[in-house]
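Listed in order, the protein sequences are those of chains P and H. The letter at position 32 of the first sequence is residue 32 when you use my numbering, and the numbering goes up by one with no holes. The letter at position 40 of the second sequence is residue 40 when you use my numbering, and the numbering goes up by one with no holes.
Mixed in with the good hints, there may be bad ones.
[Said to hold, decoys possible] According to the in silico footprint, chain P covers these stretches of chain H (three or more CB under 8 Å from chain P):
#, region
1, 165-172
2, 183-196
[Stated by the list, open to error] Label pairs and their in silico Cβ distance ranges:
#, chain 1, residue 1, chain 2, residue 2, range
3, H, Pro190, P, Ser75, 33 to 39 Å
4, H, Leu258, P, Leu303, 54 to 60 Å
5, P, Glu50, H, Pro190, 36 to 42 Å
Treat the hints as calculated values from the structure; they're not laboratory data. This structure is a prediction, so every number in the text was calculated from the model and none was measured. Note that CB positions come from ideal geometry on N, CA and C, so glycine has one too.
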Amino acid sequence: MKPSLTSPDPLRLDVRNLSTFFDTDEGLIRSVADVSFSIRPGKTTALVGESGSGKSVTSLSLMRLLSRTDSTQVSGQALFTNRAGETLNLLALPEPAMRRIRGNEIAMIFQEPMTSLNPVFTVGEQIAESVRLHMGLDRAAALAHALRMLELVEIPAAAQRLHEYPHQLSGGMRQRVMIALAMACNPTLLIADEPTTALDVTIQAQILELMRRLQRETGMSILFITHNLGVVAHHADDVAVMYAGRIVEAAPVRALFASPQHPYTQGLLACLPAQQRKRELANGETRGKRRLYAIRGQVSSPLAPPPGCAFEPRCDHALAACKEAMPALESAGPQRVARCILVSEAAPLVTETA
Amino acid sequence: MKIPLILKKLFRRRIVLGAAICLLVVVLVALLANVITGYDPNETAVSQRLSAPTASHLMGTDELGRDLFARIAFGGRYSLTIAALTAIGAIAFGTLFGLVAGFFRRLDAPIMRVVDAMMSFPDILLAIALVAILGPSMFNVVLALVLVYTPRVARVVRASTLVVRELLFVEAARAVGVSTARILWRHILPNLMSPILVQASFIFAYAILAEAALSFLGVGVPPEIPTWGTMVAGSQQYAHDALWVVLFPGFAIILTALSLQLLGDGVRDLLDPRLKKSM
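Based on the sequences and whatever the hints tell you, model everything.
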């Protein structure tokens, strides 16, 4: 079951068979099912999938931030190796110990920089709060540290910005503040939940470059949650593709983009304009205007999942056997796994999409 | 935003400025009662009973010859104190219950059903019943009014808490390891200050009226303590011959309550720009 993304180093985070259920009025929803992946020290693992595929629920489950009143059930293991080299299961830690890890060992950046800062406090106070909680500094020292963090994330006139409120900053600026806040206690793992989705393209590039620089300097690991494959190609070391709450394919980034094994991954890549163009050139097609490829159909309802492979109703390669049972996640080459019976039948799937 | 700037924006509307000045005058008169009035509020002079306003008795005298201006000034101390304590108490308890009900879903229904039950009584009736049971004293009046207004605050605070608790910065605070108590106190409460402030000013005004009404009905402050309510209550039978005995205390009540309401409106408009009328 466990993807074979292992390396000789101890893993920073090793997630095993993580499942998250929500007990709703309509029934039990399996939002994350049997998800396993790992993150190497100093490396970036990207979790890719469309909206509702369970990416964010995975990250919230790992941080234990799902509210306890939602009748949420989380099972599995998340083995995290902290600075001191101890390995802890995040899903079984008592709450006070978990609080010491949040913001300290594991920090998080959210998608919406507009609302993830408290409007009634200055940005300096908000960064200082985390520092005071985890590093025990006094107010003045914490503010001085906050200033250094703002300078670290390249905010111009940081000394002035320190005393400004979130509404006085632009979106890109706020995301920098969020990164400063996340970096304040020098975390070993940064969970970035679509950190650039709300930003325009030039700012996106700056923020990603900043995160990459900070990773180089501090050696932290990053769990990068995104639906943007272009960003994945440039910034991730390993990729796990999620569909309907399950990992359907996991591989090192180059291998995944070079030869996607699962039909869903192939479909995702085929949706990229550049890929389409490449394909057309290769086939000698010269027709100018063509519609972009789209995966047909839509994600099945989590309340009524298909009996077999979750992707079967949308898959161009579906066989009768696909309707019967969910295929297992099986080895599909060095360091990679895929959840598709076509792959496990050892006949490498043709990369061409119909 | 700096304090002077806030005041400048608040007072840009003349009527709000006027209300603030009126309120300031009322408070100053009450505070300086022993300096600006030449009479003991309880000193009777039967020879001068029901005297119309003159140079020596600015607002005239009541049925026992007590100086009305002195009584209104000293009575203001009691009336304003009762109203202020009521506002503080109702805000404190209402905020506590509202925060807890809004934040912890398990406690929401139990707390809010009690609140609903209390709000289903007409305000003044509930206060009358409470004082009738507890006995008339200043403390009991405050207690009864706090009980009456706490549910109102709790409901407003709960509604705002429900909105704020879902905002991403609360989750972000949790993600940096902030404890639940600290999230409530440091992250959610400051975001509720505008509705709380507006409620405070309205409750202050309601409490002035309610205390007057309770005293008028004889279930408020004991008659020997001069409040604006007891003054109207005690002198009402002479109103036909000497209008001033109820006119001036009544005027004090109206002026103070109206000023507070206008000030509350001004604060609300300042804090919630969506409700701002065109100026």
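Output the indices of the hints that this structure fails to meet, ascending. Nothing - there is no hint that the structure violates, so all of them hold.
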